[in-house]
Each structure stands twice: as structure tokens, then as C-alpha cells.
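Chains as they are written, first to last, in our numbering: chain A, 381 to 526; chain B, 381 to 526; chain C, 381 to 526; chain D, 381 to 526.
Hints are computed from structural coordinates only; laboratory data are not their basis. It cannot be assumed that every hint is accurate.
Computed Cβ-Cβ distance ranges for the label pairs, DEER-style [unchecked claim]:
no.	chain 1	residue 1	chain 2	residue 2	range
1	B	Glu510	D	Thr426	56 to 62 Å
2	A	Leu484	D	Pro509	30 to 36 Å
3	C	Gln386	D	Cys493	30 to 36 Å
4	A	Lys447	C	His389	35 to 41 Å
5	D	Lys382	C	Gly434	48 to 54 Å
6	C	Lys500	A	Met501	44 to 50 Å
7	D	Cys493	A	Val468	55 to 61 Å
8	A	Thr426	D	Leu484	24 to 30 Å
9	C	Val468	D	Asp517	41 to 47 Å
10	D	Glu507	B	Lys523	55 to 61 Å
11	B	Met479	D	Gly401	23 to 29 Å
12	D	Ala480	C	Tyr499	17 to 23 Å
13	A	Val468	C	Gln513	18 to 24 Å
Here a beta-carbon is modelled for each residue, glycine too, at the ideal position from N, C-alpha and C.
Each chain, letter by letter, is given below.
Protein chains: 4
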Amino acid sequence: MKEEIQAYHHKVHYYETDQMGIVHHSNYIRWFEEARTDLLEQVGFTYQKMEECGVIIPVIGVNCEYKSMVRFNDIVAILPRVTEFNGVKLTVAYQVIDMATGNLCTIGETKHCFLNSEYKMFRLAKEKPEVYQIFKDLLELGKMAE
Amino acid sequence: MKEEIQAYHHKVHYYETDQMGIVHHSNYIRWFEEARTDLLEQVGFTYQKMEECGVIIPVIGVNCEYKSMVRFNDIVAILPRVTEFNGVKLTVAYQVIDMATGNLCTIGETKHCFLNSEYKMFRLAKEKPEVYQIFKDLLELGKMAE
Amino acid sequence: MKEEIQAYHHKVHYYETDQMGIVHHSNYIRWFEEARTDLLEQVGFTYQKMEECGVIIPVIGVNCEYKSMVRFNDIVAILPRVTEFNGVKLTVAYQVIDMATGNLCTIGETKHCFLNSEYKMFRLAKEKPEVYQIFKDLLELGKMAE
Amino acid sequence: MKEEIQAYHHKVHYYETDQMGIVHHSNYIRWFEEARTDLLEQVGFTYQKMEECGVIIPVIGVNCEYKSMVRFNDIVAILPRVTEFNGVKLTVAYQVIDMATGNLCTIGETKHCFLNSEYKMFRLAKEKPEVYQIFKDLLELGKMAE
């Protein structure tokens, strides 16, 4: 089991700004996806592996709270953390931190379920125990990072 | 005062899909913005007017719950509704409905505050009573639509 | 055969702007797609029909020339026109016109080929004569609109 | 003067795919912007510096030719190269290369002019000789990389 999760870094692109001169709020949802993909890769659960396993993990909910603004060329660290997992549902929490100031800019969460390759909900623990274990481990890592 | 809010319609663009063959979840946040802009225009509070008034209404929070999938070329109705307003904070709730089936696909909310042209928080009721009244009326309309 | 192509209209969304206060240049490419989809629907060649026919029409090239700026809430008319078609390759040209001023803001082109459902290039005239005829007609309409 | 331009790397995000299972063609235009920003930073001409100088470099044209498909999680190298510069107009060419295969996936160009802080066209050589020199050097580097 991995001992620590690395933050994911994103440098803000010009096309992510809007006419208020800041990052458009919809882009944070996309950054969460980038950070989540990176988190799963850190524990060896790449998208390719996910497809081979026949596991689909759709987003069923998202929330985001904007605390301070992020601008073009800013570098942010995004810290994803599994906060809930019971084999059926999954919650990942995110902190977005401005690397220049250390400010916490945004917090958010995404909620997920698990579908098999026929797009049916199923119990990971029973049918994909190795995938179940990955998320159990991520939940442990998430608790340690609290 | 307007008597009823019209739904905003959006036809799904190809570029809004992802490789799962459905609309990428981040786009709903953008549709909320489209519907909110349209809602404000329905009561005469256009962006141009907002700028003239020197009122900025940033998004400070968003949440979204995905219930069923929306696909390319689907037409959705988005029903925005002011659910909270106290002169300092504003909440707008959204329902996304598949026009072909009548299914409720997505629900969500955005939260906002009010800034003056110097990007400072201020009390609408006192400093911009005419804008305050617009949102009071929208809150009334929102209650009626519950 | 349809006698005239209708322009496609797009009202600029806030999220399409960038920090220069204008529409980000990448979005025009997306508007071309919107207008092209609409053009094909006008002649009855919906995406659903395209899929039933087993015809895929990928974009293999794009160009765009920006003449004047478009801003939030502006309404633009996009006029797509088939300018080249020989059964193997297709060119669609676009004019983006500001509805308030009549100004020509942007011109562009997309280039396409035709693939069958196995992602192989093929000759439309021979294998899908009814689809071939649709684009022949669109080429005629395009010439008339010159 | 810098002796060699480094390629810019981009790892494809899930949200950049479309329902064909490949990167949506509009995103390459955004990657060009990422690579161009990076190129200018490599020679010390950051966005901050650009603003301090009062120089605006809008995109006035773009073209792109898609040769092979790029997919989720692929890593591409984008090689930007100044191919034309005369003090009034600027052309940057791009090659997008799949890092796994070495394949040239996409080629493209963006065309730019130079505006001063009042959004007027002006002659760099006369009014901003230090900025003029940066692009002269980039043109030299671009020729060497041909």
C-alpha cells in the first residue's frame, strides 16, 4: 500500500479564464477530474486497468465552494482524498491550494457509484475484490491525511 | 412583476459529450449559468443593466446531482428558481428535464453573493434598492413554483 | 431538395469569454460544429440517421480568420455552406455575422472525409448513394448562396 | 539568446474527449495556446511581462490539420515554432506528436498581430524594441528548428 498521496498540480490556462479576469467556476470541476485520475494512477489503477477490469465509476454528484479567486498562470495544487467508501458508493474530497500563497482557494467533493461493463450497479467487494481493496486502501490514506 | 418564469432550453452539442457517450458532467454547471442569465433577462435584469448598476454577482458555491444521462442532440429544459435571498446571499436552484421523456435528469444549486464595482460585499437593500426588489420578486416567483 | 439554408443562431455564453473580455477564439470552432449539425438537420440528415447509415464524417482540418470581436450576450448568425464535395472529401465554409451590426466577424472552413462504420475510408457515391445525393444537393445550395 | 526551444507536454484529460472516443478537435486550438504561452515563458516573455510592456498579441487566424487521433491519457509533445515575424504580424507553427509512438498527429498555425494597451496596431520595432528583439530571436530559433 502506498504511504502518501502526492498533490496534483495544474497551471491555469488562458482559455480557462472568463471576462471577470478569473478562472471560470466550471473549470474546477474539470480539475477535480484531473486530480482524481492522477490519484487513481498513483495507486496503479489507471484508466486502462479500469477498463480491463470492466469497472465504470461515473460521477453522480459534485459540489464546490469557491473561497478565493484563481487567475491565469497561477499554479494550484489539488489534493484529492477518498473520504467515504463502502463498496457501493465513493466520495472524493478536494482542496485547491494556490502554490504562491498557500491559500486554500476552493474545496469540493465528487460522489460516485460503481457500474459493471453492462452499466449495472454491483457490489465491488464480491465481484471485484482487488478493486474493492484499492479503494479501501485509498480510504485509509484519506483518513491519515485528514 | 412577472407572473411566471419560462424554462430555458438547451440542445446538447456534440462537443459537450465525452467518451462515455454522454454529456460531460462539468457542462451542467455551464447550463446553469445559461439558465440563470436567461432568468435575469426575463425580469429585465440584463448583464448590461447589471454592469450599469455596478453590481457583480459571483458564484461562491455550486452543487449538482446527476440522476440520468443526457446525450448529444437531446433537448433539455432547465428551470431555474431563486430559493433563498436575504439581500446578502442568493441561492438559485435548477432542474434539468429531458424534453423527450419528461425525466428529471439533474438537479443543482448555485450560491452567490453581491459585490459592488470595487469588488466589496455590500447590502443591496440599502445601496441598490431597485436591484434588491428584483431578487425579492424572483424569490416570490420561486416560492410559487415550488 | 431544400431551396434555402437557414442561418444558425448562437447567443454568446458568459463561459465562452476569456479575460480579454471577448469570446475565446477556440469557441468559434465549436460554433462551426453547431452550425454544421444544424445544416445537416435542415436537409433531414440528423445524427441519428447518420449513425443508422453507418457513415462517420470526422473533421480532418479547420481554419478560422478572426476579423472583429464578439462579446458576451451578442447574438451571431452562422452561415454554413458546402463549398467542395466529390464523394470522398467535403469542405464546409462558415460566416459568423454579428446580428446587431451586420458585421462579418469571422470566416472559416472545416474539411472532412467519410468513413464507414469500421472507420475505413470509402466512396459514398457507390456505397451510400442516398447520402452522396444529400451532399451533392448541399453543394448546389452552397453554390447558389455564393 | 536561448539556444533551443523545449517541447511543451500535455496529458490528455477525460473531459477533452468526445463521444467518438477521441480528443474533440477544438481542443487542439487550446493546446496551441498552452504551447505558445510556454514558448514565450521559455524566452522570459511571461504574460506578466507582456502586460507590463503594454503589448497585446491577439489571435487573428488559426488553422489545424488532423492526421491521426489522440485519446484520453495519451501524452503529446507540442512543438511551437515562430515561422514568420516582421514586426507587425507573427505566425507560430505547431506540431503535435504522440509521445508513445512518435507519430505526428496534428499540425497547425496561429497568426497574430500586436496591439498596444489602447488596442491599436503599432510597430513593435519602433515602440517596443526589446519585445521586437524577442520575436526576432524566436524567428531565428524557429528557422534553426526547421
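Status of the hints after comparison with the structure:
Look at glutamate 510(B) against threonine 426(D): about 43 Å separates their beta carbons, and that is not inside 56 to 62 Å. Between leucine 484(A) and proline 509(D) the CB atoms are about 43 Å apart, so this pair departs from the stated range of 30 to 36 Å. Against the hinted window of 30 to 36 Å, the Cβ-Cβ separation of glutamine 386(C) and cysteine 493(D) comes to about 34 Å, which satisfies the hint. For lysine 447(A) and histidine 389(C), the Cβ-Cβ distance of about 38 Å falls inside the hinted range of 35 to 41 Å, so the restraint holds.
Between lysine 382(D) and glycine 434(C) the Cβ separation comes to about 51 Å, which falls inside the hinted range of 48 to 54 Å. Take lysine 500(C) and methionine 501(A): their Cβ atoms lie about 37 Å apart, and the range 44 to 50 Å is violated. Range check, cysteine 493(D) to valine 468(A): Cβ separation about 57 Å, and the 55 to 61 Å hint holds. For the pair threonine 426(A) and leucine 484(D), the beta carbons lie near 25 Å from each other, so the given range of 24 to 30 Å is met.
Checked against the given bound of 41 to 47 Å, the beta carbons of valine 468(C) and aspartate 517(D), roughly 44 Å apart, stay inside it. Remark: the range hint 55 to 61 Å for glutamate 507(D) to lysine 523(B) is upheld by a beta-carbon distance near 59 Å. For the pair methionine 479(B) and glycine 401(D), the supplied restraint of 23 to 29 Å holds, since their beta-carbon distance comes to about 27 Å. Checked against the hint of 17 to 23 Å, the pair alanine 480(D) and tyrosine 499(C) passes, with Cβ atoms roughly 20 Å apart.
At about 52 Å, the CB distance of valine 468(A) to glutamine 513(C) disagrees with the hint of 18 to 24 Å.
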